[in-house]
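K.L.:
Letter by letter, the chains look like this.
Number of protein chains: 2
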Amino acid sequence: MLRITDLDTPSLVLDLGKARANIERARQKAASLGVSWRPHLKTHKCVEVARMQMATPEGPATVSTVKEAEEFFKAGVRDMIYAVGIAPHKLPRIDALNRQGADVKIILDNLAAAQAVSAFCETNHTEIGVLIELDCDGHRSGLKPADPALIEVAAALVDGAHFLGVLTHAGDSYNAKSIEEIEAAAAREVAGANEAAENLRKAGFPVEIVSVGSTPTLCCSKAAPGITEYRSGVGSFFDLVMAGLGVCRVEDIAVSVQVSVIGHQQEKGWIITDGGWMAMSRDRGTASQKVDCGYGLVCDERGALLPGYWVSGANQEHGIISRRDGGPIRLEDFPLGRRLRILPNHACPTCAAFDAYFVTEDNERVCARWTRFNHW
Amino acid sequence: MLRITDLDTPSLVLDLGKARANIERARQKAASLGVSWRPHLKTHKCVEVARMQMATPEGPATVSTVKEAEEFFKAGVRDMIYAVGIAPHKLPRIDALNRQGADVKIILDNLAAAQAVSAFCETNHTEIGVLIELDCDGHRSGLKPADPALIEVAAALVDGAHFLGVLTHAGDSYNAKSIEEIEAAAAREVAGANEAAENLRKAGFPVEIVSVGSTPTLCCSKAAPGITEYRSGVGSFFDLVMAGLGVCRVEDIAVSVQVSVIGHQQEKGWIITDGGWMAMSRDRGTASQKVDCGYGLVCDERGALLPGYWVSGANQEHGIISRRDGGPIRLEDFPLGRRLRILPNHACPTCAAFDAYFVTEDNERVCARWTRFNHW
Numbered sequence: 001m002l003r004i005t006d007l008d009t010p011s012l013v014l015d016l017g018k019a020r021a022n023i024e025r026a027r028q029k030a031a032s033l034g035v036s037w038r039p040h041l042k043t044h045k046c047v048e049v050a051r052m053q054m055a056t057p058e059g060p061a062t063v064s065t066v067k068e069a070e071e072f073f074k075a076g077v078r079d080m081i082y083a084v085g086i087a088p089h090k091l092p093r094i095d096a097l098n099r100q101g102a103d104v105k106i107i108l109d110n111l112a113a114a115q116a117v118s119a120f121c122e123t124n125h126t127e128i129g130v131l132i133e134l135d136c137d138g139h140r141s142g143l144k145p146a147d148p149a150l151i152e153v154a155a156a157l158v159d160g161a162h163f164l165g166v167l168t169h170a171g172d173s174y175n176a177k178s179i180e181e182i183e184a185a186a187a188r189e190v191a192g193a194n195e196a197a198e199n200l201r202k203a204g205f206p207v208e209i210v211s212v213g214s215t216p217t218l219c220c221s222k223a224a225p226g227i228t229e230y231r232s233g234v235g236s237f238f239d240l241v242m243a244g245l246g247v248c249r250v251e252d253i254a255v256s257v258q259v260s261v262i263g264h265q266q267e268k269g270w271i272i273t274d275g276g277w278m279a280m281s282r283d284r285g286t287a288s289q290k291v292d293c294g295y296g297l298v299c300d301e302r303g304a305l306l307p308g309y310w311v312s313g314a315n316q317e318h319g320i321i322s323r324r325d326g327g328p329i330r331l332e333d334f335p336l337g338r339r340l341r342i343l344p345n346h347a348c349p350t351c352a353a354f355d356a357y358f359v360t361e362d363n364e365r366v367c368a369r370w371t372r373f374n375h376w
Numbered sequence: 001m002l003r004i005t006d007l008d009t010p011s012l013v014l015d016l017g018k019a020r021a022n023i024e025r026a027r028q029k030a031a032s033l034g035v036s037w038r039p040h041l042k043t044h045k046c047v048e049v050a051r052m053q054m055a056t057p058e059g060p061a062t063v064s065t066v067k068e069a070e071e072f073f074k075a076g077v078r079d080m081i082y083a084v085g086i087a088p089h090k091l092p093r094i095d096a097l098n099r100q101g102a103d104v105k106i107i108l109d110n111l112a113a114a115q116a117v118s119a120f121c122e123t124n125h126t127e128i129g130v131l132i133e134l135d136c137d138g139h140r141s142g143l144k145p146a147d148p149a150l151i152e153v154a155a156a157l158v159d160g161a162h163f164l165g166v167l168t169h170a171g172d173s174y175n176a177k178s179i180e181e182i183e184a185a186a187a188r189e190v191a192g193a194n195e196a197a198e199n200l201r202k203a204g205f206p207v208e209i210v211s212v213g214s215t216p217t218l219c220c221s222k223a224a225p226g227i228t229e230y231r232s233g234v235g236s237f238f239d240l241v242m243a244g245l246g247v248c249r250v251e252d253i254a255v256s257v258q259v260s261v262i263g264h265q266q267e268k269g270w271i272i273t274d275g276g277w278m279a280m281s282r283d284r285g286t287a288s289q290k291v292d293c294g295y296g297l298v299c300d301e302r303g304a305l306l307p308g309y310w311v312s313g314a315n316q317e318h319g320i321i322s323r324r325d326g327g328p329i330r331l332e333d334f335p336l337g338r339r340l341r342i343l344p345n346h347a348c349p350t351c352a353a354f355d356a357y358f359v360t361e362d363n364e365r366v367c368a369r370w371t372r373f374n375h376w
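From first to last, the protein sequence lines stand for chains G and Y. Position one of the first sequence corresponds to residue 1 (the numbering used here), numbered consecutively onward. Position one of the second sequence corresponds to residue 1 (the numbering used here), numbered consecutively onward.
Chain G with its partners taken away, still in its complex shape (with noise of 0.2 Å):
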């Protein structure tokens, strides 16, 4: 028997039950709004998560890289989005794909992006179908829901350039500073997939799908009209972040990294860990929040939270945990070789510093050790 504790640290552990449980909360939650949920593989870029997340082994599913689509496709998932604006030059990948059995959608939010993607369908004699992204919120990319340049880009897909739909992503939900804010931004982002879609309708093309998506709006939108899915993926972990925009709670969160410590600076209150930001990553997402959360809160060997407790510095190596209220530390606590658990400002990034998941259903056992993958 593997226990958590035995293993080499910094690692990554999955609580197998929690992750269980976020995903059933998106499906439901997706079913309850009458729409397909086509969860984000990009957090956890882990084929056994992508099959809990996933209605069927072969999707739907949404992917942030080619390299995911290549993976997934590998381990049976066909019915793809490649949520990021295509470069023309990753054609040659996707089509590679689709000539195998693959069905991965791509997205483009301009005119030059749709020629390109036409002039390669033409001059290869393919086919690729085809979203355009929508900007409901001003964050990132895509075009305005009632800008004429829709119709425009619509019309420029040809020669085997399948127009399908329209998609777009409440980006700006991640900045929310309360519920209500989150809840407007479900409302917002339903409203200009919407519109769109009915301008392009109006314009003569139809449209199948209309995918919309963010953690935060899946879980707070009250309603979807109109929407024919729902895009998420972090949801399916959680982490500070989520729990400080309060879609979920502090113990929902299913990854945490294991540190050891290797010292202490009592003077100052520190305990000394080798969980530093390459372990945790840079993100500091909780620092514009109410609660900062530093690099992260502090979890004993069975990852239950010991309140009062962050990681406030930390270093390529080194992590250092103290008290937020700045007080002393026991040492007899916190002795060298102690094993902690510590929860993630963003999971996406921590989870990327690791190439796998030690699985446990008891938070003291391994159960499996996942293999997760990286780069483009």
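If you're looking for bench data, these hints aren't it; they were derived computationally from the structure. Be a bit skeptical, because a hint or two may be false.
Remember, identical chains collapse to one label, so a pair may be satisfied in a single copy or spanning two.
[Unchecked claim] Within a straight-line C-alpha distance of at most 30 Å, the following computed DSSO-like cross-link-like pairs (lysine-lysine) qualify:
{"hint": "1", "residue 1": "29", "residue 2": "290"}
{"hint": "2", "residue 1": "268", "residue 2": "290"}
{"hint": "3", "residue 1": "177", "residue 2": "67"}
{"hint": "4", "residue 1": "74", "residue 2": "177"}
{"hint": "5", "residue 1": "268", "residue 2": "74"}
{"hint": "6", "residue 1": "177", "residue 2": "144"}
Starting from the known structure of chain G, fit chain Y onto it as the hints suggest.
P.N.:
Quick look at chain Y alone, frame taken from chain G:
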């Protein structure tokens, strides 16, 4: 012939001439101080770069993880210091390397660790070289040079645990506001190491190694009497944090991330790329410096700086480039698919996002692909 602009994006580009010059500068600076240079391998984790840095194929070198020690030992490196306070459960891996012919030295700063290492050596009939870590600037681990515990810890190294000397790292120099402050940090680092060495010698402990260093303090050190070696790492590549400190020029930065333009938000003056924080890392080390570089500065296809631009925002797989003055972007200057090269805030986490360096000597052709590793 493979051109850099033929590569997929995002991809990591290493300008070999700049790396060579940076490495030569560190080597000459250490020589001018009359000390050995023990380069840190943690920034690159790449055998080819290590060989450029090290005085011999066997070292000396510094590593930040046991995995680095294992990987570089496979490539012939023997003389290494694992410069993170030892967690006792890592001793078997260190010992296994040393039994195969490596000479991996460890560091520690507390009595419990010294006792654990001595007990391990006694139980396993083995030997390990140990340095005591010193705190010269209050930024992290280590004993104060005047702390009587220094003698107590040295005395606890018995039964094959060999006390070899002292080691300190002036990490607070990263927060300096002027070259004068770095010079002062360099002087404190040297003085602290000598004070500790002297106290140990007075107590009867021979001090063979007196190891100091950080890239800023090596760059700015004026004298190093009593010091046997300098350690430094990021200065082989340099980055925007180091340029902000004034210890290198922006033009000296040897690594950049090649990205592609995937869209625009013309009203906002935004160019959208496929280089988000998964490629650049979440490091915002320049945020607290005089010039905040966002998620990086922007260069053209050949690596020449485009003045006035910065990566003003980033999501997981999206970068947002804008003019620092908020002015409009000429879209014809940044067409869909154009390749750009982004200089990183911090070379260590940015390089860690990739599995290989695409090496160039002329900033046009790829002359080699050098793999790197991660994890622990």
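K.L.:
With reference to the structure, classify each hint as holding or not holding.
P.N.:
Against the structure, the hints:
In this homomeric assembly, residue 29 and residue 290 come within 30 Å of each other (Cα to Cα) only inside a single copy, at 27 Å, whereas the closest approach across copies is 47 Å. Taking the closest pair of Cα atoms, residue 268 and residue 290 come within 30 Å of each other both inside a single copy (25 Å) and across two copies (28 Å). Taking the shortest alpha-carbon separations for residue 177 and residue 67, neither the intra-copy value of 35 Å nor the inter-copy value of 42 Å comes in at or below 30 Å. Taking CA atoms no more than 30 Å apart as the test, residue 74 paired with residue 177 passes in neither setting, with 41 Å inside one copy and 51 Å between copies.
Taking the shortest Cα distances, residue 268 and residue 74 never come within 30 Å of each other, neither inside one copy (51 Å) nor across copies (40 Å). Only within a single protomer do residue 177 and residue 144 lie at most 30 Å apart by alpha-carbon distance; the minimum there is 24 Å, versus 44 Å between protomers.
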